[in-house]
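Participant: Go ahead and model the full structure; you've got the sequences and the hints to work with.
For what it's worth, my numbering labels the leading residue of the sequence shown as 1, then goes sequentially.
Heads up, some of the hints might be wrong.
For lysine to any residue, the following SDA-like pairs were computed, each having C-alpha atoms within a straight-line distance of at most 20 Å [stated by the list, open to error]: (1) 190 to 215; (2) 190 to 49; (3) 190 to 112; (4) 190 to 246; (5) 190 to 277; (6) 190 to 243; (7) 190 to 46; (8) 190 to 60; (9) 190 to 245; (10) 190 to 53.
If you're looking for bench data, these hints aren't it; they were derived computationally from the structure.
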Amino acid sequence: MNLPPELATHLGLVLLAGALDALFGDPVYRLHPVRLLGALSLAGERLLFAVGLNGRAGGLMHWVLVVGGALATWWGIGYGLGLLHPWLALAWDCFIAYSLLCMRDLLVHGQRVLEVLDDLPRARRRLGMLVGRDTDQLGRDGIVRATIESLSENLTDGVLTPLWALCLFGLPGLILVKAVSTLDSMVGYKTARYARFGWAGARSDDLVHWLPARLSVPLIALAAALLRLHPWLAFQAARRYHACLPSPNSGWSEAACAGALRIRLAGPAQYRGEWVERDYLGDQDWPADVEGSDLRRALRLILLCCVLALGVGIMLAPLRVPMPW
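Facilitator: This is the structure:
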C-alpha cells in the first residue's frame with residue numbers, strides 16, 4: 001500500500017519514537033526537554049513575581065512563555081537543522097518525540113518496587129520516587145496499593161495523552177501536552193502562592209487530559225478482557241467511583257484499574273505527617289490488602305494498555321490535524 005509521503009513520515013516518526021522508548025526508556029541527560037521546561041517555568045515565575053505579576057494575568061503570561069518557548073525552540077532548531085540537511089531535521093524530531101514519551105519508564109518504576117517487596121525499607125524508598133504521600137510507615141499492602149495507584153493514574157497523563165497527541169497533532173501536540181503537564185506540576189497547586197498564578201496551568205492540564213482519561217476506561221476494559229480479568233467491573237467501577245478523587249481526570253483510570261483487578265485502591269493516606277481521609281475506589285467486598293501478585297497483574301494490565309494505546313494511535317495517525325508551521 002502506497003502511503004502519501006507526509007503520512008508515511010508521520011507514521012515512521014510515531015513508530016520509531018515508540019520503538020526507541022520500548023527498547024531504551026526515557027533518556028537521562030542534563031538537557032532533557034522536561035528539565036528545560038521546568039527551568040524555564042521557574043525562571044519565568046521568578047521574573048513575573050518580581051514585577052508583581054503574581055495573579056491570573058501573570059499566570060497566563062507564564063503559560064504563554066513556557067508553552068510558546070517550548071514550541072519556538074523545537075521549531076527554531078528544527079528549521080536550522082533542516083537548512084543543513086532534511087535528514088537532520090527529521091532526526092531532531094525523532095529524538096524529541098522519543099524523549100517525551102515515557103511508556104517503558106512507567107512500567108520500569110513499578111517493576112523496581114515489585115523486585116524489592118521483601119525488603120520494605122528499599123521498597124518504600126523506590127515508591128517514594130513515584131508518589132507524593134509519606135511512605136516511611138507503609139506496610140507491604142500499602143506499598144503495593146500505592147504503586148498500582150501510581151501506575152493507573154499515570155497511564156492517562158504519562159502515556160495516553162502524550163501518545164495520542166503525537167499521533168493526532170504531530171510533535172507540536174506532544175510538546176504542548178508535555179509543557180502543560182510540566183506547568184501543572186510546577187505551579188498547579190491550590191496554595192496561597194499558586195491558587196491564582198497557577199490557574200492557567202492547572203486548568204489547561206485538566207483540559208488536555210479530559211478526553212484521554214475517559215477513553216482510558218474502554219482501553220483498560222479491553223486489556224482486562226484479553227488478560228481474563230474483570231472487564232465489566234472496570235466499566236462499573238469507573239462509573240461509580242471516578243468522582244471519589246479530587247482530580248477531574250485521574251479517578252477514571254484508577255477506578256477502572258481497580259475494577260479490572262477487583263481490588264480496592266486509594267483510601268486514607270498520609271501526606272507530610274498528616275492523615276488525609278479519602279474514599280476507597282472499589283466495592284466493600286473487594287480486597288484492600290493486596291499482594292505482590294496483584295502488582296504483577298497490574299503491570300501486565302498497564303503493559304497491554306500501552307500496546308493497545310499505540311495501536312489506537314497508529315489508527316488515528318491518518319487523521320492528523322496539520323499545524324500551521
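Participant: Does residue 49 lie within 20 Å of residue 190 when you go C-alpha to C-alpha?
Facilitator: The hint holds at about 17 Å.
Participant: Does residue 246 lie within 20 Å of residue 190 when you go C-alpha to C-alpha?
Facilitator: Roughly 12 Å separates the two Cα atoms, so the pair holds.
Participant: Please verify whether residue 190 and residue 53 have alpha carbons no more than 20 Å apart.
Facilitator: 18 Å, holds
Participant: So if I understand the rule, the pair passes when the alpha-carbon distance is 20 Å or less; does residue 190 with residue 60 pass?
Facilitator: OK: residue 190 and residue 60 at ~16 Å, within 20 Å.
Participant: With the threshold set at 20 Å, check whether the alpha-carbon distance from residue 190 to residue 215 stays at or below it.
Facilitator: Cα-Cα ~27 Å, so violated.
Participant: Do the alpha carbons of residue 190 and residue 243 lie within 20 Å of each other, as the hint requires?
Facilitator: 19 Å, holds
Participant: For the pair supplied as a hint, residue 190 and residue 112, is the alpha-carbon distance within the 20 Å limit?
Facilitator: 32 Å, violated
Participant: So if I understand the rule, the pair passes when the alpha-carbon distance is 20 Å or less; does residue 190 with residue 46 pass?
Facilitator: Cα-Cα ~18 Å, so holds.
Participant: Do the alpha carbons of residue 190 and residue 245 lie within 20 Å of each other, as the hint requires?
Facilitator: With Cα atoms ~15 Å apart, residue 190 and residue 245 stay inside 20 Å; holds.
Participant: Taking only the CA atoms, is the gap from residue 190 to residue 277 under or equal to 20 Å?
Facilitator: 18 Å, holds
Taken one by one, the earlier hints fail for this structure at numbers 1 and 3, listed in ascending order.
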